[in-house]
Amino acid sequence: MSDDPLARLLQHPALWRGRSAAQLPTWSTGFPALDASLPGGGWPRAGLVELLTPRPGVGELRLLVPVLAQLSGLTPARWLAWIAPPFEPFAPALAERGIALDRQLIVRTAAPLWAMEQALGSGACEAALAWAPRVRARGLRRLQLATERGRTLGIVFREASAAREPSPAALRLAVVPHGGGVEVSLLKSRGGARGAIHLQFGDGRAEER
Amino acid sequence: MVVPKSAEDLEFEAAGRGSPVGAAALRRPTPSPACSPAPAPAPALSAEAGELWLALHLPTLAFDAVCREGDASQPVAVVEPVRRVQRIVIASRAAHARGVAPGMALAAALTLEPRLDTRNRDTGAERALLERLAAAAGEFTSRVSLEPPDGVLLEVRGSLALFGGVDALCAQVSAACRRVGTRARLALAPTPLAALAGARVSRGRAAAPFRVMHRAQLVGALAPLPLATLRLPQDTLGRLAKMGVNGIGAALRLPRAGFARRFGHETLATLDRLVGREAAPRRAVVPRERYRARGEPSYELTSQPALVAFLAPMLEALEDFLRRRQGSITALECRLHHRGGAVTRCRLRFAQPAFAAAPIGFLLGERLAATTLAAPVTACELVSSRLVPRRSASATLWQPGEHGGGPGSEAPELIERLRARLGEESVYGLCLVPEHRPEAAWRIAEPLVHRNAGAGARQAASAGAAASAVPAIGADRRPLWLLSTPLPLPSPAGGNAWPHYEGPLEKLAGPERIETGWWDDRDVARDYYVVRSGAAALLWIYRERRPPHAWFLHGVFG
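Protein sequence lines, in the order shown, are assigned to chains A and B. Under our numbering, the first sequence has 26 at position 26, and the numbering climbs by one with no breaks. Each number in our numbering comes from the position in the second sequence (counting from 1) with 1000 added on.
The hints are simulated quantities; they were obtained by calculation from the structure and are not laboratory data. Take the hints with a grain of salt, since some may be wrong.
[What the hints assert, rightly or not] To be clear about the criterion: a stretch of chain A counts as covered by chain B if any three or more of its residues have a C-beta under 8 angstroms from a C-beta of chain B, and this derived list gives those stretches:
#, stretch
1, 30-44
2, 52-62
3, 94-100
4, 115-121
5, 137-144
For every residue, glycine included, the Cβ atom is placed at its ideal position computed from N, Cα and C.
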């Protein structure tokens, strides 16, 4: 920490500077390369994240496995809600990757936005994941507000074509498969960092290429 | 709008499972065989000296059970067939004034009072009234027991100070009896039988009620009472009367050995219980209550908001009912009656016992919004589950999520909200099953509302469970997603060729053989492969080992 009053002032969380990452509480993503590029050094603790994928199953969930394992091991652990997942989350695989099963809440619904807003705003969940192919900017705005109300990490999975639409989400990432891992491109972030990061899923480790 | 009528539905469980009330319940001496002449020597007064019993004797129970409010001023009688002759059991004051008396044949009574209105005796209704009275008496003490056919006993030693002394307590108990719809004669004594005997004695209005506070005065107070108040068998009473023994005091003065020989050990034991030489345990009534209320709106309800508005006061009555009993409910059924007898049922189950009207109303509103009404609603009925004791928790100082504040009540509330709108089965948790078949290696579990221990213990437990339940496979060999039903994959080249799924597949790992489950008719024999699809997704596919060797997609690595 610097003794410079200006530097100390700039550390204030309410102060946001255009090109620098403001201090906001985050969870480490588990991938040092990704942590380095995200504002605050990880997933926001309260905020909406959009993950845009060309199709389900390209590696977007493995990107989240470290943070889900971390959140489900907290004391006290709130829930991790899975809202309208495209397939069944496979419990043995989750347990093997260190995700506590007793903190998982699966919600099957045709109206994922309503359930997502309830989960985010209730304060009962540490994180909520929603698969919502058709969601408008207004809906996302409500979700973003709900994340702040419930201090919850909200993650919405959308199709890659949604990148053209405006979004109030705090963080937007496009995930495409790349070799044995994924390429993550920052489309929007507080702090304005852009760019693409290549992550490799080895046996649980991530490397930067 | 009509104010909903509430009726409390009571179920009782008096005999059988309730615990004996008396402290010395198990100390009953075994009755000696009839041939043995020597009765036990008079035992010392038993140790449960602190008890004080309030007996409620209901002389007009048969009348109150079947008659309505204004009947007392009309010539009304309750009749019962005794050896094929209808006889009067009890008559109203108006009928009594004309000479109609209990035990009289109906024909004779009609001669005395031709306008006599008769009701058939209903012992079921009498029992129900007695049980309602016992439930109301639960207000005064937790030790209430039924004395069928027409008595209720309350152990009130501890209640005297709380209710302001004997007079105030008796006044409040009498008022409770009137609310239930009957009148009771009260008597206080240190033993249950003495209290009942005192209450059964008919005294004039002016006479002081039978009240014995201390055991030392008990025998003296009982002495003038007639033996009939003990409800001994009729022939025992007859034989005692022939000996000139009519009062309790005279019976107590008889030598024990001779008394037991002539009238049996059981009769002697009754006298011992009467004066407290022997314990007389009572079974406490355990009321099993449910809430049931029915409301009929003044006009038929067609819309969900109107229903919610109509149900709101009923739910408040429910909350009031629960608060008075310090109870909560785990389920609530709302029955919407339509014209023609059709009923729509809305059943709510709560993630944790609920008692407050507002959240229950919210959930009911959500459920009603998801229900389509077939026809306008003419009546609403609320039926609760059995009551469970309310567990109150202290409020947390911290907000959830800050400074380690717990999840508090949000967790069950969230589940209830989601379930109310989406249905019970749409919200669930996960747990592991030690199995090799992927589809059987997990199952749906009830979401865990109350967390156990700390996260460390839980993590260790889950890691241990995972280690013991699933053979160590190594991370990344199982997909994060499983298809609930495997998707058949076409194999364009036919035969043994690789299948296609949105293009050709590239094999990365495999085969891994899973062949198990012969014991439950769902045995599998599969070779699993990890493949990369044309769209660069990692897939988990398998091939049946049995003909026709079809390929299936079973998982996505995500």
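Hint check results:
1. 30-44: Coverage by chain B is violated here, the residue count being 0 at a Cβ distance below 8 angstroms.
2. 52-62: holds (count 9)
3. 94-100: This one holds; 6 residues, not fewer than the three required, reach chain B with a Cβ under 8 angstroms.
4. 115-121: Since 3 is at least three, the answer is holds.
5. 137-144: Violated, because only 0 residues of the stretch 137-144 of chain A bring their Cβ atoms closer than 8 angstroms to Cβ atoms of chain B.
The structure fails hints 1 and 5 (numbered hints given earlier, in ascending order).
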